[in-house]
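Participant: The primary structure of each chain is shown beneath.
Protein chains: 2
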Amino acid sequence: MKKIFLVAWVFVSLCMNAQTINSPNGKLKMSFQLTPEGEPVYELLFGGKYVIKKSKLGIELKNHPSFIKGFSVVKIDSSSKDETWEPIWGEVKQIRNNYKELAVTLSNENRNIIIRFRLFDDGLGFRYEFPRQEQLSYFIVSNEVTEFNLTGDHKTFWIPGDFDSNEYFYINCKLSEIDAGIGKEVNEISTRSLPGPTIVQTPLMMKTEEGLYINIHEAALVDYPAMNIVINQSAFSLSTVLVPDAIGNKAYLQTPCKTPWRTIIISDKAVDILASKTILNLNEPSKIENTDWIKPTKYVGIWWPMHVGTATWNYADVGNIKLDQTDWNSLKPNGKHGATTENTKRYIDFAAENGFDGVLVEGWNVGWEDWSGNWKEEVFDFVTPYPDYDVKVLEEYAKSKGVKIIMHHETSASVTNYERRMDEAYRFMKANGYDAVKTGYVGWIIPRGEHHDGQWMVNHYVRVAKTTAQYKIMLDAHEPVRPTGLHRTYPNWLACEAARGNEFNAWSRGNPPEHETILPFTRLMGGPMDYTPGIFQVKLNYYDPNKTECVHTTLVKQLALYVTMYSPLQMAADLPENYERFPDAFQFIKDVAVDWDDTKIISAEPGDYITIARKAKGKDEWYLGAITDENSRDEKVSLNFLDKGKWYVATIYADGKDAHWDRNPMVYEIKSYLVNGNTVLWLSLADGGGAAVGFKPASEKDFESLKKY
Amino acid sequence: MKKIFLVAWVFVSLCMNAQTINSPNGKLKMSFQLTPEGEPVYELLFGGKYVIKKSKLGIELKNHPSFIKGFSVVKIDSSSKDETWEPIWGEVKQIRNNYKELAVTLSNENRNIIIRFRLFDDGLGFRYEFPRQEQLSYFIVSNEVTEFNLTGDHKTFWIPGDFDSNEYFYINCKLSEIDAGIGKEVNEISTRSLPGPTIVQTPLMMKTEEGLYINIHEAALVDYPAMNIVINQSAFSLSTVLVPDAIGNKAYLQTPCKTPWRTIIISDKAVDILASKTILNLNEPSKIENTDWIKPTKYVGIWWPMHVGTATWNYADVGNIKLDQTDWNSLKPNGKHGATTENTKRYIDFAAENGFDGVLVEGWNVGWEDWSGNWKEEVFDFVTPYPDYDVKVLEEYAKSKGVKIIMHHETSASVTNYERRMDEAYRFMKANGYDAVKTGYVGWIIPRGEHHDGQWMVNHYVRVAKTTAQYKIMLDAHEPVRPTGLHRTYPNWLACEAARGNEFNAWSRGNPPEHETILPFTRLMGGPMDYTPGIFQVKLNYYDPNKTECVHTTLVKQLALYVTMYSPLQMAADLPENYERFPDAFQFIKDVAVDWDDTKIISAEPGDYITIARKAKGKDEWYLGAITDENSRDEKVSLNFLDKGKWYVATIYADGKDAHWDRNPMVYEIKSYLVNGNTVLWLSLADGGGAAVGFKPASEKDFESLKKY
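Protein chains in written order, with the numbering used here: chain A, 381 to 1089; chain P, 381 to 1089.
Calculated from the structure, these hints are not laboratory results.
Bear in mind that the values here come from a model prediction, so they are computed numbers and not experimental data.
Identical chains blur together in the list; that is why a pair holds if it fits in one copy or across any two.
Derived lysine-lysine pairs resembling DSS-like cross-links, with alpha carbons at most 25 Å apart: (1) 702 - 638; (2) 702 - 846; (3) 442 - 564.
Just need the whole structure built from these sequences, with the hints factored in.
Facilitator: So this is what it looks like as C-alpha cells:
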C-alpha cells in the first residue's frame, strides 16, 4: 500500500503545473500552483482579466517546522456541484448552489494540508483543511499568510481593523489613501483594539477603475479567529491578520479540522454583489432538525427611550453594586426605569393592536446600576427582575394578548459569567414563556485579554447559538463578531448587530446618510442585521431642546430600510406614541413582511443608493424600498417583477415636498395607485431620503376608488 | 458633620506616633507608623527582639495617583478578642481565638484604606481593607508592596516561586543561598511558570541562628492572587510578588473589599508552629449552615495502579480524540483500563471488608486518551462513562455494601470547560449516589494566559467549594492554589493536594526522605493535604524489574504519615493485594482515625523529624506517628497525654531490624504492650523510617495476654 501511494505521489508531484478551473458559466477562472520553493499560490480572473494576481496561501504553525513552503502535491481532486436548497427563512425561497471545485492535497515533512477551492459564477471560496494524520494532531496557528494581491488602487469602503468592535461608520477612499488610525478618534466606541493604520475589517467592498465590484470576506467562521486585512498601499496587496488570543496565539486546532472559507465575490454589476448567495452556499446546512419553532419576527421594545434619554436601563441611580449583596427592594427608584410592569404592558398592548410578534424589554434584570466600564465579572445573573418588573404577571399578560416578550441578556462582555449562568438563564426563559433572546457584549471581554473577534469568543457565539437551539430559543446577538453566513447552519440565530446600528444616531455623531447604502455591501454580506429601523421622530431635540443629535435620514427612508436592510428580525424601534402620531406612515411597518419568497435587487451602488423589491413569504404581496445617500435621486422602477396581467394596489410612501434628511426630514406623502407588471414607477428620493412601496392585489373596490399610475 | 470629621482627622494626624500593641501574653509586640513621607510601616518583635524590622505596607493601584505614600491617619481603632470555637472537623475539638487588634484608617486624596492587624501569642496577621467610598469603587491592583524585612540570613525551607505549580521538593539553605532557578530543572512538573531566581512560595518556613522559627504565609485567600515572595539576598528583605493575570494585572477589586491576611507565625519551639491555629482563626466561620453531611473520610481507590503502570486511566490506546465525535464503543480497549465495573466492585468489596468509607475511581469517564499536554478545551464532559464502567450497576453495588464511590473530575486545567459543565456534573453525581469529588487541574489553564494561582483561578476554586456545598458534595482539590485555611469557611472542602504528593515517588526522582518532615511546616500550615500515604510495596521494581523509582520511606513511615500528615481525608493508596500481603501492618490503617478531639505535637524539627499524637474523635483512642528524615532516630515519648490512672494497649508498629528507606524498607515489627500516662515509650526510627502506635483502653483480657511496657 505504501509503495503504491508513493508512486502516485511522485507522479502527481512531477506533473504539477498550474491547475485551472472555470466557473460554471466560464466568467470566472482561477488557477493554483506551487512556486519553485513549494509555496502554494493562486490567481483569479474575471472575463479574462486579473482580479487577484498571484497570491500566497498558507497557515503558519507555532513550534513546528515551516508549513508555508517546501510543499509537494500529493493529490488533486476536482469536482462540481449544482443543487438547489431551501433556506428555513430568507430573501428567496430557493437557493442554487453551483460551483466547480478543486481540492489540492499538499505535503511537507509528512504533514498534509488540503486547500479546497469552490468557484461560483459570482465568486471564489477557499479554505484550508487539516485531515486527521499521524504527524499533526494538535497545533497552534501563529499566522495565516493568505494574500489577495489586487490589480490596482481600488476605491474601497472600509472600517478600521479592530479586534473588539465593528461599530464604525464606513470610509470610502482609494486603497492607498486608507488611514485606519482614524479609529482612535471614534470615541463613541468604548472598546477598541486597533491593530494598525493599514489594517481594515471584512467584508471589504471595493470597486476598480474599470467598474468591477470586489467583496472580500469569509464564510462559516467556526473555531477560528476573525480575519482582518492588512494593506500594502503601494503594491495593493492585501494579506490576513488573524485576531490573537490573550497570549498572542491565533488558533488552537485539532485535526481533522478546517478554517473558515475566504471569499471573493466579484461582478461588474453592483446588484449581483447584493444578490450573491455564495457565502450562504459555503456554509453547512441547518444542524437543527425540527425548525418549526423558528419564526421571523417583527417587534417593538423598551429600548429607544433609553437611547434618547427618556428612560433608563437601571432602576436606581447608584453606583458600586454587588449582585449578591444588594437588597434591590431597598434601593430608591430613579423614577425613569423603562422596564416596569406597567410600561411593558403598554408595549404589549401596542404590539397586540398593531400585529407585532414580540416586545423586547431591556433593563428588566438587576445589575444595570454599574454594568458598564468596570470590567466586572459578576455583573448580571439573568434571572432576577427589578422590584418593579413582575415576570409572572407579564408572562400571563403577554400570553393573553398573543404577544411574546423577548428576553434580553446583556453580558457586559463578562462571558465567563454568562457561560456559567447560561443554562439557568435559558431554563428561566422557558419557564416564563420566552422563546427569543437578544444578547449583548458591550465592553472588554472576560476572560481578560481575549477579544470579541478571537477564536475563544467565536466559539462562544456558536455555543450560544447551539445551546439556545437546544432550548428552542431564537437568538439575536449584539456586539458579536461579524457574521459569516452561519444563520444557514443555525437558523435560530436570526440576526446580529455587529456593525454601527441606528442607535448611534441617538447619542453620537451618528451614521452619515450614505451609511445604509454601504451596509448591505459590507456587514450584511455575512448575514442579517438587527439595525433597528423605524425612527419617525428623527429630530431628537424633540425630547430635549439641548439635544443636537438626530437620525440622519428622512422619515420615509426609515420605512425603506425594512426592505433594503434584510433581516428576519425587524424592530419598529421608535416609541409607540410616535407611531400613534403618524399612523398612516406606520401602516407600512405594520404591513411589511419579515420573510420572503423572492427578492429583486433593482439598482444599487455602494455609498450612493439601493433599491430592492421583495415578495412576502407565501403571499402575493411585494414590498419595495429605495434609499439614497446625502444626494437626492430620481429612481425609475419597472414593476416587471409583479405577476403579469394582474393588477395591484401600490401604496407609495414618498419623501414630502422639500424633504431633506437634515433640514426637513419628517415630511412625507402617501398615495395609492393601481399598477401592474408594465408599470414604471418614478420615485423621487430627497437628499438622505427614500421611498417605500407596498403592493397588494387590487380588489374590485380598488378599481372604483383608485387611479391607475 | 464634615467639619467635625476634619477636626478629628487633624487631631489624629498630628498625634500619630508609632502605635504599638502586645500579644495577649506579651510575648509578641508590633508597632505601626507612617514615615515622614506618609508610607505605612510596621515592625514585629518576639521576646523583645526584632523578628521583622521596619517594613513597608501597601497596595499599588493601576491608573491611580500614588496609593503607597502620602497617607495621613484618619482613625485608629484597637480592640481585643478571646473566644473559643468548635471546628466542624479538625485536629482538636475546640480552638481558642485570642488576639489584640489594631485597625488604622489611612487617607490619601480622599481615598481610604484600612490596615488591620491581629496579634496572637504565636503570630501576626494583617490585611488591607478598602471600605466603600466615593473615590474608589472599582480598581485594579498593579502591585502589593508588603515587606517582611528579616534580621538575618535565616535557614529557609523553600520551593521555587511558581504561578502554576507547587509540586516541588523543598530545599533547605540560607536565604542568601536560595536559587529558585533550580525550578527549571524539575522536569517532572509539566506546567511551570517561574517568575525569577530569588522568588519563592509560601508557606515559607525559616529558622534563625538564635533558634526562632518563623513561618510566612497568608490566610483566607479569596478574590485575590496568591502571594509569592521575592528575596533581597543581601538585606534579607522579603517582599510580595502577586501572581498576575493574562495581561499582567494582579487583581480586579470592588469596594468594599479586603485582601487575604498576611501571616507571620513565630515561636522558639518548632512544635508551636505546627500547633498554631492562627491561620484558621483568621478565616471566617463556616458559611455552610447544615454540616451533617460532611464526614471525614478514609478511602481506597483505583489510582496507584495508574501511577506504577499496571493500569491506565484511558480505555483505548489512541490519540487525537474529539469528545463529541467519538464512538467510544467502537474503540479497541487496551486491556489495562483501571476503572472497569469489575475492578471497581473488587475495590468496593475491599473497602467494605476493611471499614473504608469510600472508593475513588479515576479514569471512569471518557476523554483520557489525549487529556494531557494538548491545551485542549473540550477535554472531558464529566458525565459519560467508558463502555466498561456501569454507573448504575456500581451505584447499586456500592450502596449494598455501605460504601460511597468518590467522583473524579480531572479538568486538565480547562476550567472554562469545567465551569460550563459543573452544574450538570454535580447533578449527575447526586443522581448516581456520589457525595464527594476529587478535582484535578493538570496542565496550562484555560482561559489561556491565566495561572493556577491567579485571582481568576482563586475565585474558581472557591466557586467550586461553594457550588459543591450547595449540592452537599465534599471536595478534594488537586493541583489548586495552596490552601490558606478556607476549610474553616467551607468545611466541605476537606483537603487539597497543592504540593508534591506521594505520587511523585512513583514516576520521578520522588520525594526525599525529609519531605514529609517539612510539609507540615510549609504546605500544611494552610490546610489538610491529600498526600495519599499507605504505600506498603515501596520498592516499585516489584511491578517491573526495570523500574528504578521507589517510595523513599520505610513501610512503617507510611503508617506514621496518617498521624503526622493531618487530613480529614486519608487514602490507603496502595493496591488491595498489597494490603492483603501485610494484614498485620494494614491493621493500623484500618484503625487510625481521620477526625480528632485532641492533638499533641510531641517533637518536631523541620527537615528532621516530627512526632505527633492525636485522640480519635469521640473515642478514648489515641494514635501516634513519628517520622524521621534520612537519619535514624531514637524518640522518647512520654505518654502523659493518656488518661491518668487508666491502662491502654499500645500497639507499636516499628521499623524492623536493619530497616532502611532505600536498602531494606519493608521490614517491620508489631508489638503490643500495656501502657499508661506514666509510660515513656522508646521508639527506634530507621533511616527514612518511622513508628506508628495505636492506643486503646485495655480490657481485662489484655491484662492476661500482654506485658506492661
